[in-house]
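2 protein chains.
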Amino acid sequence: MSADPILAPHRSIRMFRAEPLAEGTIERLVAEAQRAPTDATGQMYSFVRVLDRARRRRIAELSGDQQHVLDAAEFLVACADLHRLERVLELDGRAPGEYPATGLHFAVIDATLATQRLIDAAEAIGLGTVCIGGILNGVEELIDLLVLPRGVLPLFGLCVGWPGEEPVARPRVALASVLHADTYHELTPEAAAADVAAMAAITRSGDWSSVLARYFAVGGTMEEREPALRRALERQGFAWQ
Amino acid sequence: MSADPILAPHRSIRMFRAEPLAEGTIERLVAEAQRAPTDATGQMYSFVRVLDRARRRRIAELSGDQQHVLDAAEFLVACADLHRLERVLELDGRAPGEYPATGLHFAVIDATLATQRLIDAAEAIGLGTVCIGGILNGVEELIDLLVLPRGVLPLFGLCVGWPGEEPVARPRVALASVLHADTYHELTPEAAAADVAAMAAITRSGDWSSVLARYFAVGGTMEEREPALRRALERQGFAWQ
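So the sequences go chain by chain: L and F. With numbering that gives the first Met the number 0, the residue at position 200 of the first sequence is 199, and numbering never jumps. With numbering that gives the first Met the number 0, the residue at position 52 of the second sequence is 51, and numbering never jumps.
Check before you lean on any hint, since a few could be wrong.
[Stated by the list, open to error] Simulated restraints, written as ranges between beta carbons of each label pair:
#1 F:Glu-22 - L:Glu-139: 46 to 52 Å
#2 F:Gln-66 - L:Leu-69: 47 to 53 Å
#3 F:Ala-7 - L:Ala-199: 32 to 38 Å
#4 F:Leu-69 - L:Glu-140: 47 to 53 Å
#5 L:Leu-69 - F:Ala-197: 32 to 38 Å
#6 L:Glu-89 - F:Ala-199: 18 to 24 Å
#7 L:Arg-149 - F:Ala-197: 24 to 30 Å
Hints were generated in silico from the structure; no laboratory data involved. Computed from a predicted model, the values in this text were never measured in an experiment. Even for Gly, the Cβ is constructed at its ideal location relative to N, Cα and C.
Model the full assembly from the supplied sequences, consistent with the hints where possible.
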């Protein structure tokens, strides 16, 4: 797969130059984000731009002391948002329905489509970005900090700024592992071993499986995050029995 | 917000020319998708490329008789996928944890980031795309059709092909409605009215609120989709109490 790349190459930037973006850049990027596809014309997302330094510092701490959250010129929190459209309905005298699973599905997708379009636009003009999944470590306090109403769920953070490093692109699994023809094909042991070998360069230890284990095995980060995220989903109206 | 656009303008294409993509195009686009950010190096997504005509026809029917699902040169189903990485762990003798909410969160985000990057790349080379949320209308049969194992959830379909129409870009709500500074600001009645007016052009009736109501009010499409999606989430391992 050595075809010419089409978009600016993505690599997550974790060291930023101390230089603000030109006036209006964030607005220009959010306008690009708004052009992303949206289900049912709903535009089920919001971006919270964190300008206040104390609030930014607290989010950096909550996310596991990530210095780039503080250093990036801009920091956005991408949120799934059903609240805004339900308010449009209510102001028009209509009652929103009850669809926590379906609402979560489409709002997370809408918000993420918009954010990736923002990332592609930012990288096209030479900016660097990194997504911060770690905001989930403090998701309940984050909801308070950003004063998010019911119907709004923070998904991930996004640092945007001028790159202060030029990291090499990190490896990925084989294209054949992610692309299936007509029906899902099971990863063979040989293909899994090839993916583990290809991904070795992403790790310090040289063992991708141990990196995955730190997150996804019993006792890993994903399990640690689970109780708080469930409480947050309940509180924000995205839980069902 | 009349700043110059950065990326190719997105507009959903629902009429495609009967012309295949050049050999290798889908692989090139999926390679671009793979460059998208991914949480925890997990790459929690799969694309199922639907080549078989009968299977494609059934998906078009399930999605509400959407002719473009049949007519587009290519049709992909974007899936959240925790199964593949859990298989890597298991082949290495490790036990995956239990994190249905957190897994759903990150896998939907990962899959959607990758798909939007694919869309941006496709549009950059002149192709047209449209996302098909309607696959959720038949989500349980779709899981059977694509033989998706537990841990894999179909999110939405994506048509890719040569545009056979040149629609005008559809309107969006005001930038100020989706961009918040430090804390979430409630949409004022005036701002809501302005958004409804701006969005009128997206509708046949001229009334965006009634379009929203068809999906999001009591008795709307979102509520209709809810029971099947909940069952699919349960079956695929993404439900919790």
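Hint check results:
no.: 1; hint: F:Glu-22 - L:Glu-139: 46 to 52 Å; verdict: holds (51 Å)
no.: 2; hint: F:Gln-66 - L:Leu-69: 47 to 53 Å; verdict: holds (51 Å)
no.: 3; hint: F:Ala-7 - L:Ala-199: 32 to 38 Å; verdict: holds (36 Å)
no.: 4; hint: F:Leu-69 - L:Glu-140: 47 to 53 Å; verdict: holds (49 Å)
no.: 5; hint: L:Leu-69 - F:Ala-197: 32 to 38 Å; verdict: holds (36 Å)
no.: 6; hint: L:Glu-89 - F:Ala-199: 18 to 24 Å; verdict: holds (19 Å)
no.: 7; hint: L:Arg-149 - F:Ala-197: 24 to 30 Å; verdict: holds (25 Å)
Against the hints set out earlier in the document, no violation occurs for any number.
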